[in-house]
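Number of protein chains: 2
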Amino acid sequence: MDGYSGTSLRIDLTSGQVKRESIPDEDLVTYIGGKGLGTKTLYKELESGIDPLSPKNKLILTVGPFTATIIPTVSRHGLFFKSPLTGVYGESYSGGFFAPEVKKAGYEMIIIEGKAPKPTYISITDDLVELKDAQHFWGLDSHETEDGVKKEVGDKAVRVSAIGPGGEKLVRFACISNDYGRQAGRGGAGAVMGSKNLKALAVRGTKKTKVHDEEKLRSYVTELLQKLPKELPLRNVGTPVMVDLENKLGTFPTHYWHKGFFKDHTAINAEAMKKIVVRNKACFNCPIACGKLVSVTDGKYAGTEVEGPEYETIYAFGGLCEIADIKAIAKANDLCDRLGIDTMETGNMIALAMEACEVGKMKMDPKIKFGDTDAAIDMIYKIGKCEGPAGTLLSQGVRKAAALLDMPEIAIHVKGQSPAGYDARGLKGMGLGYAVGPAGASHLRSNIYAPESRGMIDRFATEGKPAFLKNLEDRMAILDSAICCHFGRDLFFTWNDLPKLFEFITGRPTTETELHEKANAIITNARRFGTREGISRKDDMLPRRFMEEPLPEGGSQGSVVKKEELDKMLDEYYALRGWTAEGKPPPD
Amino acid sequence: MDGYSGTSLRIDLTSGQVKRESIPDEDLVTYIGGKGLGTKTLYKELESGIDPLSPKNKLILTVGPFTATIIPTVSRHGLFFKSPLTGVYGESYSGGFFAPEVKKAGYEMIIIEGKAPKPTYISITDDLVELKDAQHFWGLDSHETEDGVKKEVGDKAVRVSAIGPGGEKLVRFACISNDYGRQAGRGGAGAVMGSKNLKALAVRGTKKTKVHDEEKLRSYVTELLQKLPKELPLRNVGTPVMVDLENKLGTFPTHYWHKGFFKDHTAINAEAMKKIVVRNKACFNCPIACGKLVSVTDGKYAGTEVEGPEYETIYAFGGLCEIADIKAIAKANDLCDRLGIDTMETGNMIALAMEACEVGKMKMDPKIKFGDTDAAIDMIYKIGKCEGPAGTLLSQGVRKAAALLDMPEIAIHVKGQSPAGYDARGLKGMGLGYAVGPAGASHLRSNIYAPESRGMIDRFATEGKPAFLKNLEDRMAILDSAICCHFGRDLFFTWNDLPKLFEFITGRPTTETELHEKANAIITNARRFGTREGISRKDDMLPRRFMEEPLPEGGSQGSVVKKEELDKMLDEYYALRGWTAEGKPPPD
Numbered sequence: 000m001d002g003y004s005g006t007s008l009r010i011d012l013t014s015g016q017v018k019r020e021s022i023p024d025e026d027l028v029t030y031i032g033g034k035g036l037g038t039k040t041l042y043k044e045l046e047s048g049i050d051p052l053s054p055k056n057k058l059i060l061t062v063g064p065f066t067a068t069i070i071p072t073v074s075r076h077g078l079f080f081k082s083p084l085t086g087v088y089g090e091s092y093s094g095g096f097f098a099p100e101v102k103k104a105g106y107e108m109i110i111i112e113g114k115a116p117k118p119t120y121i122s123i124t125d126d127l128v129e130l131k132d133a134q135h136f137w138g139l140d141s142h143e144t145e146d147g148v149k150k151e152v153g154d155k156a157v158r159v160s161a162i163g164p165g166g167e168k169l170v171r172f173a174c175i176s177n178d179y180g181r182q183a184g185r186g187g188a189g190a191v192m193g194s195k196n197l198k199a200l201a202v203r204g205t206k207k208t209k210v211h212d213e214e215k216l217r218s219y220v221t222e223l224l225q226k227l228p229k230e231l232p233l234r235n236v237g238t239p240v241m242v243d244l245e246n247k248l249g250t251f252p253t254h255y256w257h258k259g260f261f262k263d264h265t266a267i268n269a270e271a272m273k274k275i276v277v278r279n280k281a282c283f284n285c286p287i288a289c290g291k292l293v294s295v296t297d298g299k300y301a302g303t304e305v306e307g308p309e310y311e312t313i314y315a316f317g318g319l320c321e322i323a324d325i326k327a328i329a330k331a332n333d334l335c336d337r338l339g340i341d342t343m344e345t346g347n348m349i350a351l352a353m354e355a356c357e358v359g360k361m362k363m364d365p366k367i368k369f370g371d372t373d374a375a376i377d378m379i380y381k382i383g384k385c386e387g388p389a390g391t392l393l394s395q396g397v398r399k400a401a402a403l404l405d406m407p408e409i410a411i412h413v414k415g416q417s418p419a420g421y422d423a424r425g426l427k428g429m430g431l432g433y434a435v436g437p438a439g440a441s442h443l444r445s446n447i448y449a450p451e452s453r454g455m456i457d458r459f460a461t462e463g464k465p466a467f468l469k470n471l472e473d474r475m476a477i478l479d480s481a482i483c484c485h486f487g488r489d490l491f492f493t494w495n496d497l498p499k500l501f502e503f504i505t506g507r508p509t510t511e512t513e514l515h516e517k518a519n520a521i522i523t524n525a526r527r528f529g530t531r532e533g534i535s536r537k538d539d540m541l542p543r544r545f546m547e548e549p550l551p552e553g554g555s556q557g558s559v560v561k562k563e564e565l566d567k568m569l570d571e572y573y574a575l576r577g578w579t580a581e582g583k584p585p586p587d
Numbered sequence: 000m001d002g003y004s005g006t007s008l009r010i011d012l013t014s015g016q017v018k019r020e021s022i023p024d025e026d027l028v029t030y031i032g033g034k035g036l037g038t039k040t041l042y043k044e045l046e047s048g049i050d051p052l053s054p055k056n057k058l059i060l061t062v063g064p065f066t067a068t069i070i071p072t073v074s075r076h077g078l079f080f081k082s083p084l085t086g087v088y089g090e091s092y093s094g095g096f097f098a099p100e101v102k103k104a105g106y107e108m109i110i111i112e113g114k115a116p117k118p119t120y121i122s123i124t125d126d127l128v129e130l131k132d133a134q135h136f137w138g139l140d141s142h143e144t145e146d147g148v149k150k151e152v153g154d155k156a157v158r159v160s161a162i163g164p165g166g167e168k169l170v171r172f173a174c175i176s177n178d179y180g181r182q183a184g185r186g187g188a189g190a191v192m193g194s195k196n197l198k199a200l201a202v203r204g205t206k207k208t209k210v211h212d213e214e215k216l217r218s219y220v221t222e223l224l225q226k227l228p229k230e231l232p233l234r235n236v237g238t239p240v241m242v243d244l245e246n247k248l249g250t251f252p253t254h255y256w257h258k259g260f261f262k263d264h265t266a267i268n269a270e271a272m273k274k275i276v277v278r279n280k281a282c283f284n285c286p287i288a289c290g291k292l293v294s295v296t297d298g299k300y301a302g303t304e305v306e307g308p309e310y311e312t313i314y315a316f317g318g319l320c321e322i323a324d325i326k327a328i329a330k331a332n333d334l335c336d337r338l339g340i341d342t343m344e345t346g347n348m349i350a351l352a353m354e355a356c357e358v359g360k361m362k363m364d365p366k367i368k369f370g371d372t373d374a375a376i377d378m379i380y381k382i383g384k385c386e387g388p389a390g391t392l393l394s395q396g397v398r399k400a401a402a403l404l405d406m407p408e409i410a411i412h413v414k415g416q417s418p419a420g421y422d423a424r425g426l427k428g429m430g431l432g433y434a435v436g437p438a439g440a441s442h443l444r445s446n447i448y449a450p451e452s453r454g455m456i457d458r459f460a461t462e463g464k465p466a467f468l469k470n471l472e473d474r475m476a477i478l479d480s481a482i483c484c485h486f487g488r489d490l491f492f493t494w495n496d497l498p499k500l501f502e503f504i505t506g507r508p509t510t511e512t513e514l515h516e517k518a519n520a521i522i523t524n525a526r527r528f529g530t531r532e533g534i535s536r537k538d539d540m541l542p543r544r545f546m547e548e549p550l551p552e553g554g555s556q557g558s559v560v561k562k563e564e565l566d567k568m569l570d571e572y573y574a575l576r577g578w579t580a581e582g583k584p585p586p587d
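Quick note, the sequences are listed as chains A and B, same order.
Using numbering that gives the first Met the number 0, the first residue of the first sequence is number 0, and each one after it goes up by one.
Using numbering that gives the first Met the number 0, the first residue of the second sequence is number 0, and each one after it goes up by one.
For the record, the hints were derived by calculation from the structure and aren't laboratory data.
Here a beta-carbon is modelled for each residue, glycine too, at the ideal position from N, C-alpha and C.
A few of these clues could be false.
[As the list claims (entries may be wrong)] Footprint (simulated), chain B over chain A, 3 or more residues, beta carbon under 8 Å: (1) 285–294; (2) 466–475; (3) 506–520; (4) 535–544.
Based on the sequences and whatever the hints tell you, model everything.
Set out below in structure tokens:
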């Protein structure tokens, strides 16, 4: 292809060997890049049945054909690995400024294998790849590590992805941070890094991204930008705009998933947030700027400065733990970021502990109670550093912790990952999305919560949802392979735009139909990875509470996702994907 | 109910008798108003098998609970009748300033029956209802009639709905005009008026609309308006914004439905339109202002001033007839408006004549050819006044004219009504929407062309489309009953907003689920009307060309709606609506 070809960088941490490999053109045509390429490589290269925290796991980092072009909102990189949290397929994405450096350094993919004999960081400047000693960084939090590595590399333009103590301690939901406020949060990629003695990656690139037809791309992007509405809710208040909406719908998860309505929502909503926002924070070449830098200047948490909290962090600490204080949530956010642990999973674990104490499944003195901010903040430290019995237990993730506490029926997860802040009982398409998620309950593989929550489609209906979900999943799989930010999905990346953008960049004409086929192949590869690890229809299941305990009050009162509703949706979904009634994909 | 009760005005033109009737509260609860009430009344009161142009037909005009409240974009009134064009259920809506006057005069519904012994107009001022001689208006065009009636009534604030020569001459697709630029265009409501010797309705009201909780409504509406994006494409350029989009997709109907791509689109698109737009024209209390007043100041059509052309007019004359001149289309638009005939159906009929001449089915000397502007303009006069053999023939509507020309297989219609400017071959959900339309091929009962065209859902897919269509149809049925403008659908009338707006106005709490049930009941009543006239699955069929002749070029090249695709969608759609596999609704 004229405009798009690719090099992969393979780094074996055990031997210290570094290799550059050409990615076969047909892989780039079939799998695009990003998720497509990462998933295909992971499936092909990983042995089945391995321990995710063993040297046999790999951490695959990809960018895509759109990265570091003039297209807006394409600042994301993806990570693919066997997940220490779920034991199956793991994927996670982060924005900021890291992806363009990887691309400009000349790589579509970085495959990290083995385990370094001692704490190490990787420094990449274009063709120069070095493994460097990181013993003096070990134990530092993620921000300190970013600072330290940048200083040591000595190039102000270098971008750093790093783990904090959470990753070092192998917390099953440790994240990887970059640009101080951006995280590849889900699935425990940080623990995979930690298990490899890898503290950080520092990357700097100076090459130009190849684009087949710069002229056409520029004029198309100009056109798209001209259509951009002047008022964007994500720019105005960021993702916390969802708090009031979900709460109104009765789908704002509260009191560890017992309720869908938080009476104190005004203490944690967008309005509350506005009072502590200092300024917007945008990723590379992003006109949306959903990120919000907040600063707490008074009270107990004075001095807290953090990018966030995002809606998902607010739901996990605010709703689930009933912490009615946006400043405390900002503090919790900052702590998680510095410790390098996923805010969503951390909030879920603390709320689970609150519930376990409430029902007597967990003995702590004093008990950790819903709404107890100090105890929650303290528990974040314990989880991030695996301290004490409670911290160690909760760092194991929801499924394992619930099993150890003898409360598996109470734990809310799919395949071991906690859901996002959208209760499936009032958003039934989201329920199907959670159930079939290859990496567990994720809202990001389809974003179907958005049209359901905004009243564009009937949120309680199940008819037609499998096809609607599949269509969105397909589009998001393409976005995750290109790689584009999901927040640009209706601005720059509709089915009308995508074929054109691909053609201008790669020189290869494509169609919506062809992109659907590619998306299905990509999603099916992720499924194949799961199937090889034992995943089948039985695992595409919602937590018992979603199916049997109706929401007690609010806008979704009385609703559940009935088993028969889920079964029917699964039947249809599998058929649409070309999988068997047991959810098994066709042979490779 | 506290906030909403209703009076119906019954006017028997044969006897001159006028009655005021209370609408049963349970009808308003079950059927809301607008379409719900109109359809129910039409179904209940009309004898089956009658001639639509006989005195036994009724013309039912309704407004709804939202009319003349502070909610934006609720300026519409609906008309319900047996359609002279299709012979089955007819419905048509118009915006402007007429509906609020009907509401303020104290009426939810006006039922017009019988036939006046001589040309008559109805004058309503609150409780005062008078039948007045209209012999001196007979023969005048719709604008002149509006002028004349206003002057005669002598109240500057009176609003007038009137027919032009087309309605008088019983053109099967004659429309009813109000406010000079707004038409209830589809289905031939104007011919029903003409058949009743009714030239116009003049209405003036001074009462205040009852609202249950004005405080809450005001604050909710304020909130909605604050969320209104500053940039609205419909405000900027109006509906012609769709020309380039549909043309890109290859779904812009061209050369009487042979093609989906018009090479000269830049001569008739939004940019071309901008050159003749003088200013925006909004309906009552509408912040969108999609209407565009245009003025042609040079060339052959200098002096033309008209509200429009809308996208549908541009497609019908520009694409179908291949008239590559926005000024000529403005002229055609103005002529149709003054003559009181539907621009969409008129454009279709002229393009059909062009095709008939091309294939030798119609003998004219000289032939009327695609792209021949003068001949097209001339033909509009002939159709509107039923002049000569061609005018008389084409005024019969597409199904009858095609049968008389011995080309039924070539005519593009569903149940006798021509489709809108969205070729179903590249928008398959729209195909299903056309097929099941109770009044024939209409884009307005679901607006599914919009998410399909904008790339939100896969436009070539058929999986999941029945449920998606049903959901949109349900929402539009509620909007048509409230009555709200469809262009407010994603701004003010999502499923989240509707229950609240109804509660604030009527005082009766409702839910999304309940609204779906009401919508289904309303849509099923329209179906029952059709069933009683002989409509069944066989009529829910697309034109042969949509199913067998692939589009020859452009963005939908090679695509058709296969018979088996349509059949599968119909099966699913009927099941979702609770109808039999033959499309028969359950007994009343």
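Quiz item: Has the region 506–520 of chain A got at least three residues whose CB is nearer than 8 Å to a CB belonging to chain B?
Solution: As far as the region 506–520 of chain A goes, the hint holds, because 3 residues have Cβ atoms under 8 Å from chain B.
Quiz item: the region 285–294 of chain A covered by chain B? Criterion: 3 or more residues, Cβ-Cβ distance below 8 Å.
Solution: Answer violated; 0 residues pass the 8 Å Cβ test.
Exercise. Report holds or violated for chain B covering the region 466–475 of chain A, Cβ cut-off 8 Å, minimum 3 residues.
Key: holds (count 5)
Quiz item: Are at least 3 residues of the region 535–544 of chain A within less than 8 Å of chain B when you compare beta carbons?
Solution: violated (count 0)
When each numbered hint is compared with the structure, violations occur for hints 1, 4.
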